[in-house]
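**Student:** One-letter residues, chain by chain:
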Amino acid sequence: MCAVELTTDKRTEAGVLVNDFVIIAATVNGSGSQTANNTLVRALFKMGIPVNGKNLFPSNIYGLPTWYTIRLSKDGYVARRPDYHVLAAMNAKTQAEDIEKLASGGVCIYPEEWKLKQTRTDITYISVPVRDMVKESGASPALKDYVANMVYVGAMAELLGIDLAEIKNALTYFLKGKAKAVDLNYFLVEKAAAHVREHFADAPRNFRAERMTATQGKVMIEGNAAAALGAIFGGVSVAAWYPITPSTSMIDALMDYAKELRVEPDGKTTLAIVQAEDELAAAGMIIGAGWMGARSLTATAGPGISLMSEFSGLAYFAEVPCVIWDIQRMGPSTGLPTRTSQGDVLKTYYLSHGDTRHVVLLPADMRECFEFGWRAHDLADHLQTPIFVLSDLDLGMNLWMTDPFEYPDQPLDRGKVVSFEDLEKFGTWGRYKDVDGDGITYRSLPGQGPAYFARGTGHTEYATYSERPDDWTKNLDRLARKHDTARHLVPQPISQIADEATCAIIAYGSSDAAIIEARDMLKAAGITTSYHRLRALPLGEATHEFMGLYERIYVVENNYLGQMAQLLKMEYPAFADRIISVSHCDGLPLTARWITDSILEKEQK
Amino acid sequence: MTARTVKTNALGLEKTAYKGSESTLCNGCGHDSISAKIIDACWELGLDQRYIFKLSGIGCSSKTPAYFLGLSHSFNTVHGRMPSVATGATLANHSLICVGVSGDGDTGSIGFGQFKHMLRRNVPAVYIVENNGVYGLTKGQFSATADENQRQKYYGVNYFPPLDLCLEAIIADCTFVARSFSGDPQQCRELLKAALSHKGMALVDIISPCVTFNDTPESTKSYAYGKANNIELQQIEHIPPGLVIQRQEITIPDYAEGETIAVTMHDGSQILLKKTDNTHDPRDKQAAIRLLEQSKAEQKFITGLIYIAEPRPTLGELERIADTPLAELPDERLRPSREALAKVMADLG
Ligand SMILES: Cc1ncc(C[n+]2csc(CCOP(=O)(O)OP(=O)(O)O)c2C)c(N)n1
Ligand code: SF4
Ligand SMILES: [Mg+2]
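Quick note, the sequences are listed as chains U and Z, same order. In terms of the numbering used here, the first sequence opens at residue 1 and continues consecutively. In terms of the numbering used here, the second sequence opens at residue 1001 and continues consecutively.
Please note that a few of the clues may not be correct.
[Claimed, not checked] Residues of chain Z placed beyond 10 Å of chain U at every Cβ, according to the derived structure: (1) LEU1096; (2) LEU1163; (3) ARG1333.
[Said to hold, decoys possible] Among the chain U residues that face chain Z by a calculated CB cut under 10 Å, a handful are: (4) GLU264; (5) VAL274; (6) ARG295; (7) THR428; (8) LEU539; (9) GLY540; (10) GLU541.
Please keep in mind that the hints were generated in silico from the structure rather than gathered at the bench. Glycine included, each C-beta is placed from N, C-alpha and C at the ideal position.
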């Protein structure tokens, strides 16, 4: 452990934590706590408090434990925090452990009918007669479990000072204005709030939600919805998929938004979405569509990526544009289907046999999920190659606040395409002939331009079959040139250089939230860092330059092998000894505390 | 058969204009005869090659799209997965004609799942299986359509019953199912023309001898066997609609033994089916299934139009995709407006 004591606890003199603590709701999966949790998050968000909700759910439809954490952070930190202060213990099976882990001084809300033995003296127990209240609400048997969760919403509102009007607004938002449903839910909220007010008037109110203005102008969205929106504004017109957690909700969002945004006046759609028989077929479908000239995508997770391997090589070698979203979850194998990781970096970069290398985008937040969502299609068409976008469960399935998305700042980039008329102008055309020297050749679309024979076998510049060694090497040389061109075209890394920095951090994707916070913690402990956030593969000159600046570079990521660290060492062997891999994966998003401790330990050696 | 003596077709093109590059298959390979018949069929129908595209998997058979319709786009994909590529490609542009070529290994083994799902979805394409009972390209291993108890020098005995791809197509609700023999060029060509006139997926399973690995007289996929045993269900003749393409419902007149009946296809062409000495009615699904089961039990080699039905809606129709091909949509129909994004953002806030 580190020698320096680190704390983010910033209590007021009265010992009260304002807008800087963590709520956790421990429930049974399938009991319908989603509305309750979303309502809390939205109410806090509407009170202007920076907030982030994370769902830790099991791979199960009903019965296994699930936890939902809500972090309030007046400083705007949105990464996961390992500790929690306010607990809604709604799952009898896990309550003992849940209560044991509650921070000292914390609050535990639980159903009175449990007749719990209150064994801890350093926390406050708040019992609420959940069963009686639900009975009183008159909820139908089907709704009982579901509305029971509103009890902890009401209790928390009273204990933490969450504005009841905001709770009601949030309920109205999520229940789409259905008055009867809102009334039933709100009845329980008020009931529980009144109960706490009456019976626990003297209980300490040490955790407080107070109005701020920090979320003004912001919206809340899940990464998968942001990605789907991005794709829709990127002009995707064919999507094929096979259900797999955590990518399914991206397609669900795509279907929802397509109904709103991509229906023509005659009722027909400009976005075909097909549920394939497996991921091989999904890959084949988007490649067929991309070859034909449509913008196509699929969304999947690790097991699907493995199945798409052969087809990815075909798209790479025949040079067919398409977009593949990998909402990463824990591997190897089926792994932990409902837990997050950044474990598919190497797999996607090199997906398929032979010398295949892909373009991989690494969104870190909601705006990038949206932006890369449309940009991926431009890049696919421009580079005529599959574009992988690596999101993950943490980004994709959790609610994040964000500035509103910006409309694409450039028209659709369709890349180099020859038409029948062009051919008449130019006379000759070679599908794989590099006339511009950037490795990107001119393609032609069926029905719209001159014919060629696309294939995954060896080919000449004119797309004819060839086994000649010189044709082969020439083609791979050109593909390497194209890969180099891609280095400049992909979203460039973002560097934050601190003049006093003695060491640096390289990270990417959803780890960004924890890095931002960890850098502040490190600074408080006397260590100033520079930060280089990768936003895409292939790596480029900016990364090379950055690595030249520091002797110790911590590459932080949420996987076991330190995959990006390996890639950096391979790309820049001269700097290999500067790279220190700080990687960890246990299914949970990285925390600033863990990153800070890991780096401190090494820095203080 | 309306004999065409003219050297040019409706587009004023000679048949050589429909050729591809020179074949690299073994001399006498059945697949080459099929390529020739595809050329004949497309030439005779006066199809514009610019609006046809060819897809295939991997195998000797799947190489053949290089050898016909040299002015059509083509995509030689991966082993067994052509159906999914066809699905995406036809969704992206439903205004083109899709010709898919596959082998019995490509379709019956590695690609069997995709094949069945393509049938189920009714992806509009002519799907040609060049069926030789072996994996030609990997040197003669048994395929899933090889004869039960067939013996080979190297691979020994095949103990498993063959898959009947036509039967599989019928039970997957394909509405055009035909079998032919590459040694019967006339039937082959006419069935291909009929298939090209069909709306939705049309399966043409063509027994196509592999002269190198599976042409011994005992093999049901050999020339000798085919020539000696081919039982043609009908004499079939396809009459193109001329240049005027009309869309109309198929009307199949009553069908009695010995008569010649005409089936009007969706593109306005007609197929004339002249009955031979059997009683099969290709409009009767149960009869078609029985016929295939029986011919398998009795080891009969039946060819012709096995099953035809009123076309089902295609995948694109069910998906209600825009009339303009998705691949040809202008930017403004693909990217919603600035105001649309503002509204989505406002709804989230
Ligand atoms: C994934 C994969 N596995 C195996 C092969 C090797 N392979 C190439 S062609 C072929 C069999 C082709 O048989 P068929 O489809 O009947 O075509 P034919 O050569 O007989 O015309 C195989 C197994 C391959 N190309 N890809
Ligand atoms: S091996 Fe058989 S299938 Fe392949 S080209 Fe030769 S004869 Fe044809
Ligand atoms: Mg074969």
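**Student:** Could you check if VAL274 of chain U really has its C-beta closer than 10 Å to a C-beta on chain Z?
**Tutor:** 7 Å, holds
**Student:** So is LEU1096 of chain Z really clear of chain U, every C-beta pair being over 10 Å apart?
**Tutor:** 5 Å, violated
**Student:** Holds or violated: is the Cβ of GLU541 of chain U closer than 10 Å to a Cβ in chain Z?
**Tutor:** 32 Å, violated
**Student:** Taking the closest pair, is the beta carbon of LEU1163 of chain Z still more than 10 Å from chain U?
**Tutor:** Holds, because the least Cβ-Cβ distance between LEU1163 of chain Z and chain U comes to about 18 Å, which exceeds 10 Å.
**Student:** Using 10 Å as the Cβ threshold, decide whether ARG295 of chain U counts as touching chain Z.
**Tutor:** 7 Å, holds
**Student:** Double-check LEU539 of chain U for me: the hint is only fine if its C-beta lies closer than 10 Å to a C-beta in chain Z.
**Tutor:** 29 Å, violated
**Student:** Grab the minimum C-beta distance from GLY540 of chain U to chain Z and call the hint holds if it beats 10 Å, violated otherwise.
**Tutor:** 28 Å, violated
**Student:** Was the hint right that THR428 of chain U lines chain Z, CB cutoff 10 Å?
**Tutor:** 15 Å, violated
**Student:** May I ask you to check that ARG1333 of chain Z keeps its beta-carbon over 10 Å from the closest beta-carbon of chain U?
**Tutor:** 6 Å, violated
**Student:** Go through the hint on GLU264 of chain U and say holds or violated, using the shortest Cβ distance to chain Z against 10 Å.
**Tutor:** 6 Å, holds
The structure is inconsistent with the numbered hints 1, 3, 7, 8, 9 and 10, although it conforms to all the rest.
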